[in-house]
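A.B. asks: Sequence:
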Amino acid sequence: MFSENNFVMSLEEKFILLSTRLHISEDIKQELQNMSASALQWDKIFTIAGIHRVDNLIYYALKQADLLNLIPNKYSQLFKLKYHSTAMANEKFMEDVNGIQSSLPQDKIVLLKGSALLSNLYPNYGTRQMADIDILILKDRRDAVREQLLNSGWKSDFYAGYRSAIHRELAEKYSKTMYAVYKGRWERFLDIHWKFYIGKDDDKLAFEAMNTSLVVSGGYNVLSNEMMLIHLCSNFADGFAAGEKLRTLCDIREFVRAKFIDWNKVEDVSKDTILYEKIALSLNAVKWLYGDEVPKLYKRNYFDVIPPSLETLIARKKRKSKPTFWQTIKNSITAFQNPIKVFVFLYKTIFPDVEWLRKMYPGKKSSHLRYWKYLFFRHILRADKRYRNF
Numbered sequence: 015m016f017s018e019n020n021f022v023m024s025l026e027e028k029f030i031l032l033s034t035r036l037h038i039s040e041d042i043k044q045e046l047q048n049m050s051a052s053a054l055q056w057d058k059i060f061t062i063a064g065i066h067r068v069d070n071l072i073y074y075a076l077k078q079a080d081l082l083n084l085i086p087n088k089y090s091q092l093f094k095l096k097y098h099s100t101a102m103a104n105e106k107f108m109e110d111v112n113g114i115q116s117s118l119p120q121d122k123i124v125l126l127k128g129s130a131l132l133s134n135l136y137p138n139y140g141t142r143q144m145a146d147i148d149i150l151i152l153k154d155r156r157d158a159v160r161e162q163l164l165n166s167g168w169k170s171d172f173y174a175g176y177r178s179a180i181h182r183e184l185a186e187k188y189s190k191t192m193y194a195v196y197k198g199r200w201e202r203f204l205d206i207h208w209k210f211y212i213g214k215d216d217d218k219l220a221f222e223a224m225n226t227s228l229v230v231s232g233g234y235n236v237l238s239n240e241m242m243l244i245h246l247c248s249n250f251a252d253g254f255a256a257g258e259k260l261r262t263l264c265d266i267r268e269f270v271r272a273k274f275i276d277w278n279k280v281e282d283v284s285k286d287t288i289l290y291e292k293i294a295l296s297l298n299a300v301k302w303l304y305g306d307e308v309p310k311l312y313k314r315n316y317f318d319v320i321p322p323s324l325e326t327l328i329a330r331k332k333r334k335s336k337p338t339f340w341q342t343i344k345n346s347i348t349a350f351q352n353p354i355k356v357f358v359f360l361y362k363t364i365f366p367d368v369e370w371l372r373k374m375y376p377g378k379k380s381s382h383l384r385y386w387k388y389l390f391f392r393h394i395l396r397a398d399k400r401y402r403n404f
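Residue numbers for the sequence shown follow my numbering, beginning at 15 and rising by one.
Rather than coming from a laboratory, the hints here were simulated on the basis of the structure.
All C-beta atoms, glycine included, are put in the ideal place defined by N, C-alpha and C.
Treat the hints with care, since some could be wrong.
[To be verified] Straight-line C-alpha distance at most 20 Å; calculated EDC-like pairs for lysine to aspartate or glutamate:
(1) K209 with D157
(2) K122 with E109
(3) K122 with D217
(4) K153 with E109
(5) K96 with D146
(6) K153 with D205
(7) K285 with E222
(8) K218 with E183
(9) K122 with D205
(10) K58 with E325
(11) K58 with E258
[What the hints assert, rightly or not] So the derived label-pair ranges between C-beta atoms look like this:
(12) G64 with S170: 29 to 35 Å
(13) S166 with E291: 36 to 42 Å
(14) F339 with N315: 38 to 44 Å
(15) P86 with L389: 53 to 59 Å
(16) E161 with A53: 54 to 60 Å
(17) G233 with S50: 23 to 29 Å
(18) K106 with N352: 45 to 51 Å
(19) K378 with G113: 55 to 61 Å
(20) S170 with I364: 35 to 41 Å
(21) K285 with D121: 29 to 35 Å
(22) S50 with K122: 47 to 53 Å
All chains, please: the whole structure from these sequences, using the hints.
C.D. replies: Written out as structure tokens, the structure reads:
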């Protein structure tokens, strides 16, 4: 599975794995003390921990175990600074969450990812970094929620609607899963989701996720334990193909250890979907690095011949090249059974609605020419953030 990336784990990586946990046992504590007697490269530990976004968790765990003396003073101060700066950043994120709930009193807002974990797993705001806010809402409320948030101070430079009505139909049925808005000067992003994942029964599972959500301290709605575990595993598996960070596995490991999980419910929800193998991949990755046992139904041999290594985890796998215009069109028109719709889709792809075109390509230069340049040659153009909702 990873034959080209068989790295050997360093002493510094072992130290990171032993210290990335909410509770350090006495035997692990002794092992960390023994390792610190060796010539650890703390610049390497600090760098790797930062790449994997677990530096905050390491600082918290060592502080709770009264082991901060193991860190040289220079790096101890760096860990401390990162920990407290993360706490301040996350406090702003959670203030935004409170503002979102106040702006949408008629809507049920279910927190996902980092904001949910800060509310329902991690002990304080400094322990885990957040990159943005993710929420789950009812599908039929997505446009109203977005408009209400824009009216309450959020911005959306990216979203310009759809090229045409038929493009909206295709996106809503098969691919479009969220809106993105932001605050400040690109400081804090909010992703508004209405699908639990992309695949079989995705709308059904999104409804179930909303319907079975729990209210936790602070009055926040979060996914049930089983849905949250599936959600975390799905995120890890989706990111794993391109290289994933240890923080995501820490989330999964700590959640399983802290919460009661009804594995029968997990199986009922995930069976006959791609989620089943995503859960298996994630749980076996936890075993691969931490040695935790995997429920029998999800045991696989994905990592049996691969030495544990953080380098292997984050190593970028080979990505497929960007599809050409014709490949994209071929993939899209297969979704339509009606030949008239196929023709309309092709026509509106080349000649989109003028209103959309002017929003996406403002300025004095020809909007059509710039659009056609991207449309036909995007597989050889470098990535451009302007087209993330293209």
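A.B. asks: Flag every earlier hint the structure violates by its number, smallest first.
C.D. replies: 4, 17, 19 and 20
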